[in-house]
Structure formats: structure tokens, C-alpha cells
Amino acid sequence: MQEGLTLSGWIFLSLAWLAIISFNVFCFKKLFKESEDQMVSPLEIESEIDRIEEGKK
Amino acid sequence: MKKLRENWGSKLGVILAVAGSAVGLGNFLRFPVKAATNGGGAFLIPYFIALILIGIPVAWIEWALGRNGGKYGHGSAPGILNAITRKPWAKYIGFLGIFGPVLIFFYYCYIESWLLGFSWFALTGELSKVTAEGQIGAFFGDYISLKLQAFPGMPFAFLFFLITFFINFIVIYFGIRHGIEIMNKFAMPAIVILGIMLLVRTLTIPNIAHGLGYMWNPDFSKLLDSKVWFEAAGQIFFTLSVGIGVIMTYASYVRRKQDIALSSLTACAANELAEVVIGGTLVIPLAVVIYGASNVSEIAKLGTFGLGFQTMPIIFGKITLGGFFLFVWFALLFLAGVTSSVSILQPAVSFLEDDAGLGRRVSVGIVALVTFIFGLLSVFGLEAGAVDEMDWMTDFCLITFALVETIIFAWIFGIDKGMKELSEGAQIKIPAFFRFVFKYLTPACLVAILGAWLVQNAPSRILLKGVKESTVKFAGIEVSNFIVIHGTRLAMLIVIIAILIFTCVTWRMKAIDEKLKQFEEI
Numbered sequence: 224m225q226e227g228l229t230l231s232g233w234i235f236l237s238l239a240w241l242a243i244i245s246f247n248v249f250c251f252k253k254l255f256k257e258s259e260d261q262m263v264s265p266l267e268i269e270s271e272i273d274r275i276e277e278g279k280k
Numbered sequence: 005m006k007k008l009r010e011n012w013g014s015k016l017g018v019i020l021a022v023a024g025s026a027v028g029l030g031n032f033l034r035f036p037v038k039a040a041t042n043g044g045g046a047f048l049i050p051y052f053i054a055l056i057l058i059g060i061p062v063a064w065i066e067w068a069l070g071r072n073g074g075k076y077g078h079g080s081a082p083g084i085l086n087a088i089t090r091k092p093w094a095k096y097i098g099f100l101g102i103f104g105p106v107l108i109f110f111y112y113c114y115i116e117s118w119l120l121g122f123s124w125f126a127l128t129g130e131l132s133k134v135t136a137e138g139q140i141g142a143f144f145g146d147y148i149s150l151k152l153q154a155f156p157g158m159p160f161a162f163l164f165f166l167i168t169f170f171i172n173f174i175v176i177y178f179g180i181r182h183g184i185e186i187m188n189k190f191a192m193p194a195i196v197i198l199g200i201m202l203l204v205r206t207l208t209i210p211n212i213a214h215g216l217g218y219m220w221n222p223d224f225s226k227l228l229d230s231k232v233w234f235e236a237a238g239q240i241f242f243t244l245s246v247g248i249g250v251i252m253t254y255a256s257y258v259r260r261k262q263d264i265a266l267s268s269l270t271a272c273a274a275n276e277l278a279e280v281v282i283g284g285t286l287v288i289p290l291a292v293v294i295y296g297a298s299n300v301s302e303i304a305k306l307g308t309f310g311l312g313f314q315t316m317p318i319i320f321g322k323i324t325l326g327g328f329f330l331f332v333w334f335a336l337l338f339l340a341g342v343t344s345s346v347s348i349l350q351p352a353v354s355f356l357e358d359d360a361g362l363g364r365r366v367s368v369g370i371v372a373l374v375t376f377i378f379g380l381l382s383v384f385g386l387e388a389g390a391v392d393e394m395d396w397m398t399d400f401c402l403i404t405f406a407l408v409e410t411i412i413f414a415w416i417f418g419i420d421k422g423m424k425e426l427s428e429g430a431q432i433k434i435p436a437f438f439r440f441v442f443k444y445l446t447p448a449c450l451v452a453i454l455g456a457w458l459v460q461n462a463p464s465r466i467l468l469k470g471v472k473e474s475t476v477k478f479a480g481i482e483v484s485n486f487i488v489i490h491g492t493r494l495a496m497l498i499v500i501i502a503i504l505i506f507t508c509v510t511w512r513m514k515a516i517d518e519k520l521k522q523f524e525e526i
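Note that the protein sequences, when read in sequence, are chains W and U.
The opening position of the first sequence corresponds to residue 224 in my numbering, with each subsequent residue numbered one higher.
The opening position of the second sequence corresponds to residue 5 in my numbering, with each subsequent residue numbered one higher.
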């Protein structure tokens, strides 16, 4: 049994971490960049909570 | 009269909820063992291929079907599939999307309560004490067999089960926005923080490179074994919580033109972070450092419970500040468990609220009563194999339902309408090749997984191969384990029939209501 992290082990570990962390950064960055004018219109099936909150405003 | 239905308070809320549903014990216990025993780093090759061909597509399909069904006021599979296909049989197939999650809850809540219990014992120092005495195996055995008493007549396991059950239902009672969303907004960041704490501690242990090597050094010869590809596909499938019906239910509360494409991808990304980055760095590398590489395969054979509840306390007992990190470990797992268990309750509650027209209190009450009664089967029948029975039935339901969803999306709803639904409000463009993936590749992969499961697992499970008859204690009464096993099967059948009858009655009542309304209008 090989001991320690071999070069290929380092490569797989690094690539996996890089891929997944990049995947997360990409997704969350795009998510938080959503602009106000992209907020959606109310559902046809209304939510009572939304109506109450609009009334409060 | 317009139907009142909740929505998620924010897009981040639904993403954290779906990610919370996905992140569970499997991320930290199942994945590392699967990866280490199936080629190490090389396992990531079939794993990522399965993520692209099965995991992400099925997740997208569930989100799309869910949001579409939500437009018609449906929050669970029977209603959603009925609305989408307009076929009378679809609502009955939809029972899988209620039975599957409810069945999981029957035993998941109990296992989750062990994590709460062990968090408590870690906090009080009891766990470190029994570990130092070499008694952790006996302690765990006594705990789950209800021998450890909190006070006379109340086993610790049952006490923590009651507390965990109560926590789950309090969250569910407060609903999507004020219950599930708020809980996940606290729990998911906490999971990340606790995970990073354990990650940093692990990476600072001397000789950890040996452990990381065992986990990550690739063994490419394993890729020639088809079993490794099935294991990777299975791991992706179960880790993303697809095929349960939960994502479909959660997505039904998403606003009509709100993005689901990026949301789904983000939830998958968050799950992979927990699984590969955190999960892939903890258990197996630590086990190698403490026990040595030659003993790890024996440790892996202990299974998820043995690894989590017996091996990890021993490992933490040998490192500095181990007692503290033991608490962090079990707290992490408990939070991961509760975000998942709450999600698997929601489809049944949504079904009762949206389709049966019952109020929230009554819906939550009915689900609580049913899951409590059947949950007792897990508490008292664990030793006899009741949980194993529920577990294999769950596997079958999940794979089958995922296949059903995929076929309905691509072939009955239609791939053009499906892609249009997915793209509505999307913040990212779905690559065109996914049309081919949705229509052919994903169903083919799911058929292969289901086929492999039916051939390899079904006969031995159904025929109880390797299970010998023995006498066990069920709620203090000595019975044959076969009685408990067959009793569990009967109980599952009763639940299935009850759901189907309830579905039939609910739709007939709706049809009568509509006819009465038409009559009144005339």
C-alpha cells in the first residue's frame, strides 16, 4: 500500500477541490448578482403573506 | 376564490433548504468509504460523470416539475404529476413521492436522535470517558438497544427521539417561510462553519498526508470494474436527495418566473462542497492516521453507524482537544440530519394541505401521528431488522420515482415544454446537449441503476437471504425477528394502500366539489 499523497493524488485532490470550490463561487456569485428588476411578478395563486406585507407597506 | 399558498421568502432560502435536504450523514460517512474503497481519487471520474448525467439533470427535472405543479396549487407528487400529465393514473404513481419520504422519516428521525444524544454525551464528557475506557462499542450498543436509562423507565435513546421528533415538527408547523427557511438559514452556515473547523483540525494533524493519500491516490484499475461506476452513480443519486419528491415539493413554493436552473445548480454545488471537500477529508484520512492504512478496510466494513458512532469517538480521543471536536462532529451530523429530516416531512404535509384541503394544523397533526407510530417501529424494532427493511424499500422507491419523473418530464410533458419550463426565469442558459441527456442518457442510466439494484439486491432482500431467525426484544417483549420483519413489511403495505385510497378519495371529493360548483352556477 502506497504511503503519503503521491503526485497523482495531489493532482486529483487539487482538481476536485478547485472544481467544486469554483462551481460554488460561480453559482453564488451569479445568485447574488441578481438585480432588483429581475424580481418576479406575483404568482397567479396568491400568498396571503404577500398580501399582508403589501398592505403594511 | 383564490387559493392561499406560501412562497419562499428569498431565492437563497429555497437554495439553502434544498441543499439542507441533500446534505446529510451520507456526505460525511457514506461518500468517504465509497470513494476510498472504489479507487480513491479515480472514483471522482465516474462520480463527476454521474453528477453531470444523472444528478444535475434529475435535480433540474424535479425543480421544473415542482414549480410547474405549484402554479396549479399542488405541492406534492400526486397533484403535480396529475396536473402535468392530465392522466388519471399519474396521481397514483405520485404516491412514491409521498410514501418514499415518509418511509425515510420513520427511521431517519430515530437515527438523527442518536446524533443529538451523542452530541449531549460529547458535551458532558461522558463520551470521552467511555471511549478512554475502551467501552464505546458497548456504550453504543446499550444506547440503541434502549438499555441506557436517562431516568427509570425512560431510555436515553427514546428521550432524545422524542426531543428530535418535537424539533422536526415545530419547524414544519411554522411552515415554509417561517419554519423551514429560517431553520436552514441558520443551520446551513453552521454546518459550513463546523465542517471547516473539523477540516482545519484534520489538516493540522501530523502525518495527515498519509491519510489523504489513502483517500485520494488514484487506483485507475478500479475503473475497469463496472461495480465502481454503479457505486459512483448510486452515491450521486442518494447524495443529492433526488427521487424522493422533496425537491419537487420545495420547488412548488417557488414563484412562477423565479429562476430554478441556477438555484438547482447552486444547491448541488453546496452539497458537493460538503461531500467532497469536507466529507472527503475527514473520516477516512483520520482513520488512516490513527489506525493505519492496513486496518481501514476493516473499519469501513463497520458501516455508516460503526464509523460514525464508534470509530470517530476513538479517533477524536487520540487527538488534542478531541472532546471538543467530538462535540463538533456530532453537532455537525445532527444539523445535517435535521435539515434533511424536516424536508422529507413536507411532501406529506403539502399533500394534505394542498390536495386534501386540510389546514396546516390538521395536516401536521396527521403526519406527526402517523410518523410517530411508525417511528416506534424503528425505535423498538431496530435490532430485529425493521430499519433494514425500510431502508431497502426506500432505495427502490427513490430510484423508481426518479425514473418516473424523468420519463414524465422528457416524454409525456415533452422535452420542448420541459426545457421551456426550466428556462423560464433562468439566470443561466441550459446547454443544448441536455435535451439529449434528459431524453435518453438520464433515463438509460436510471434504468441501469434500477436493473442492477433489482438483480443484485432485490432477491436477497425480499427472500431474507443470510438473515437467520432469532429471538429479539421488541418493546420489552421477546419475539422472533421474522415477526418484526414481516410486520414491518405489512406496515409499509398498509401505508401504501392508505395513501392510494386517500388519493382516490381526495380526487373524487374534488370532482364532486367541482360538479356542485357548476350546478350552483347554473
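Please note: incorrect hints may appear among the correct ones.
[As the list claims (entries may be wrong)] Distance ranges between label pairs, derived from CB positions:
id	chain 1	residue 1	chain 2	residue 2	range
1	W	W240	U	F178	44 to 54 Å
2	U	E302	W	F255	17 to 27 Å
3	W	W240	U	A479	43 to 53 Å
[Unchecked claim] Partial list, derived from the structure: chain U residues whose beta carbon lies under 8 Å from chain W:
id	residue
4	L48
5	S225
6	E276
7	L277
8	V280
9	Q460
No lab work stands behind these hints: they were computed from the structure.
Remember, it's a predicted structure, so these values are computed and weren't measured experimentally.
A virtual CB, placed ideally from N, CA and C, is assigned to each residue, including glycine.
Give me the numbers of the hints this structure contradicts, sorted from smallest to largest. Structure breaks hints 1, 2, 5, 9.
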